[in-house]
Amino acid sequence: MDTGLLLAAFAIALALTSSAVSLGAGRIPQILRMLAMPLLGLAGLSALAAGLVTLVEGGVIATTLPLGLPWLPWRVRLDPLAGFFFTLIGIVSCAVGLYGPVYARAIERGRESLAALGVFTGLFLTGMLLVVLADDAFLFMVAWELMSLSSYFLVAFQHENGANRRAAFLYLLMAHIGGLAILLGFGVLAAFGGGFGFDTMRVAELPFIWSSIAFVLVFLGFGMKAGLVPLHAWLPEAHPVAPSHISALMSGVMLKVAVYGFIRVIFDLIGQFHWQWGVSVLAIGSVSAIMGVLYALMQNDLKRLLAYSSVENLGIIFIGLGLAMVFLSTGHLVLGSLALIAALYHSINHAMFKGLLFLGAGAILHSTHEHDLEQMGGLLRRMPWTGLFFLIGCLSISALPPFNGFVSEWLTFQSALQAWQLDSGVLRSLIPIAAAVLALTGALAAACFVKAYGIAFLGQARSRHVRRARPVPFGMRASQGLLAAMCLLLGVFPASVIALVDVVARQLLGEGLPQTTAQGWLWLTPVSPGTASYSAPLLIVLLSLGAVAVAWMLRRGLVRRVRHCDAWDCGFTPPTARMQYTATAFAQPIRRVFGVLFHIEESIDLRKGGEAHHRLIVRDRAWGLLYAPVARAVESAARRVVKLQSGNIRVYLGWTLSTLLVLLWIIS
Amino acid sequence: MDHFLNMAPWGLALLQALLYAALGPLLVGWVRKVKARLQNRRGAPIIQPYRDLWKLFAKEARVAHTASPVFRSAPYIVFVATWLAAATIPLVATNLPTAAIADIIALVGLLALARFFLALVGMDVGTAFGGMGASREMLVSALAEPAMLVAVFSLAMTAHSTNLASVVEYHLNSGLVLRPSFLFALGGLLLVALAETGRIPVDNPATHLELTMIHEAMLLEYSGRHLGLMEWAAQIKLVLYGTLIVNIFFPWGIAQSLTPVALGVGLAAIVTKLLILGAALAVAETVLAKMRLFRVSAFLNLSLLLSLLGLLSHIILEVGA
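If you're matching them up, the sequences are chains W and F in order. Going by the working numbering, the first residue of the first sequence is number 1, and it counts up by one from there. Going by the working numbering, the first residue of the second sequence is number 1001, and it counts up by one from there.
Please note that the accuracy of each hint is not assured.
Facing chain W, according to a computed beta carbon distance under 8 Å, are these residues of chain F, among others [claimed, not checked]:
(1) Val1070
(2) Phe1153
(3) Val1177
(4) Phe1249
Derived from the structure by calculation, the hints contain no laboratory data. What you are looking at is a predicted structure, and each value in this text was computed from that prediction instead of being measured. Where a beta carbon is used, it is the ideal one built from N, C-alpha and C, also for glycine.
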């Protein structure tokens, strides 16, 4: 066995061990923080090593496991695409391994079951790693279900709360509808390939109509998991209610596993591209991006805000994938691989900054037991490290240079701007519109995270427990620091990262991006130096040199004193915490401008004694437009079917017999 | 990138960056002067903004008790990010190494970075006016930024490059060709520039009424050198947008080689163009009235629409031809 695969197996074994030792946590609570969580971190480290080794070597290793059904052994395969996602999973798992012990310590005296947390976290990580490693549809689906089911138990972890139970059930339901669609998609592929192995699916030649059916099924299944609009509504319910490090894993990593599945099936297994598919992916991605960020802006619960922003970022990833499919369908291999790499880059970026932000939200929750933005404020002075790391996360997710979010959006823009090379006028005009949507999304994301950071960390505390917040323990800070450092590294050295990731595109499409890194690590030139260039290292050097120079000049010679005083506020009485702008007020102009896209209920209730109360509810339109009608249809169908249920055993036997006869007739 | 290690272009690039910083107050003084004459006032001398800056830098800075470290570091970040963004735009010469560091998308990103910190300091001290300013600024920028990007996309697609120097050179070499997409993009970019630099009809730089402020509301708590840096950054931003417009759409005169004569012509050309643009801005500010906030979205939607029309007309009319 090769090093990469050995390390991958080691990672899975460690995750399983972490899960197994947690069984004892019911008796000895310390096991969770002393053993299970560190093991999880080690599993992440091992997965990271496996991924890096695979990316550097660039080869493909496959083997058959002595597991599975007798005629259907499980097969695993570690290629650069899988290696890339191993890297991504590994880094976030490391951070979670650092964060977990502090969280476990905090709930040791609580009523929650520590064993359940440890067991399912280990299984969750195992499931995700196995999905990426699987080389046949059978193992893929088993691992996929393992991932979905174990995360269901983690979402339902704090099940005393009725809302959490509802969210978990909705999640389970959606995960299974999605799983069914994926299974049917694999069914189509297996029928043409003549086997469940990915190798036979890869060589199968599908006619357009059947490959399109498979595409729709697979897009539906993975899109549902990835939280694409309009199927996203479960995501902001389920992700925030899990413990924060699990939210980080779900939003940061599990959504990426869905992206992985989509890339694996469309780009690798089906292996044919049609512009109709590309345009539909592009359209759904654009709608998800813009709706996701607008709904994120409307949220006042920090973790819900982050969950909606995941919808936005997955939309951006799918914009990149859609662009890649359009370019590949017209034979522009280099541009296709540029867009694919942009999507992959955004995947790893989103894993880093969303993991970081969820861990930051978890640190706030740990320190203040507060998740409502309207109660926060002034946390930067109470929790300086968390404040600094959260700021880095906000800057990265708002796509600001020189951080990592900017690089992937820049690459996506660059590939969209090459639309002039296409022959079809329709495609040429559709792609720039998607780029315009992406631009609007980026600007709104900045507004969203100014709101999140400004309300939570700046200003004055809006409640007593937030005023008394204390810094979180070292483990929590270190986990955020690790991800913040990754955000900076991925942002400042994009050319080196792409040099490493390029092998994924080379292996998958047979064409890489030799131009991107041709100018060395300092310059990023995706198409050619004349077309576009960006130098993040020089940018950050010049930014810091300039800031130091300006500060030095201003402090020399002239007055250097700073006097502390009350806030001026135009000479009114010194402001109190209640006079600050609120999160709702901050979002009001945007709520008004984009009002038609939300379901808003706003009223002012006059109560006794002349007290007026402002009531505002912003609901997701997806509930009314999609979920509720479907739920109603299912319910009315169920009410019709119930008529068959007479309670008479002979009637039931009659139904069974006739069904059997009909089935036999169909088969024969 | 071949001239990367050559020192002379870097020296010129540094000079150009310093020129941006020096031109900022001058342009603002010029606009104020022209505006005053249009209103039958004598107005302050053109160099008044320099004196104001000098006065602010010589004064002691005050910081509220409730301010966080963000408050004291933001002026430096905002100033340097805006300045660096400006330095990547060809001012006098096209062929400078700074232009390759950040293309036009990175330029928009740097301005967004400055704005992010500007909005954060608005919320930092915890006053109502600051939060209000930040909220409005983010609304305006959320609508203006896409319009700006789309406008520059049609230029970038024409020149097949997002590097500003390449766009300018392409335009110079292709001669005087009337392109519908450029006209639309110019319209869109002009409206964006008015909004982003906080001019009438979107924001009023001379207002003293807190409730109508956007940009000034975020700076209310600043004083001394912090305020000076913030003001200077705003002035550089005005030059930045002015240069962007005049050098992309009317690039003639800019130096394409680094000889003293060409550079002198380039300097004279850009100063003349900026003075004309500044006078036009003063006229526009005199004849227009400030809009109320929720009309601004219609104003910026118009600019987005113009930019999109530019992009589509480029794709439909010009690519195939």
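Exercise for the section: With a cut-off of 8 Å on the beta carbons, see whether Val1070/F makes it to chain W. Expected result: 6 Å, holds
Handout entry: Interface hint status, Val1177/F versus chain W (Cβ within 8 Å)
Key = For Val1177/F, the interface hint is violated, since the closest Cβ of chain W sits about 17 Å away, which is over 8 Å.
Handout entry: Status of the hint placing Phe1249/F at chain W (closest C-beta pair under 8 Å)
Key = Check failed: Cβ of Phe1249/F comes no nearer than 19 Å to chain W, outside 8 Å.
Problem - Restraint satisfaction for Phe1153/F [CB to CB of chain W, less than 8 Å] - result: 6 Å, holds
Of the hints listed earlier, those the structure fails to meet are numbers 3 and 4, in rising order.
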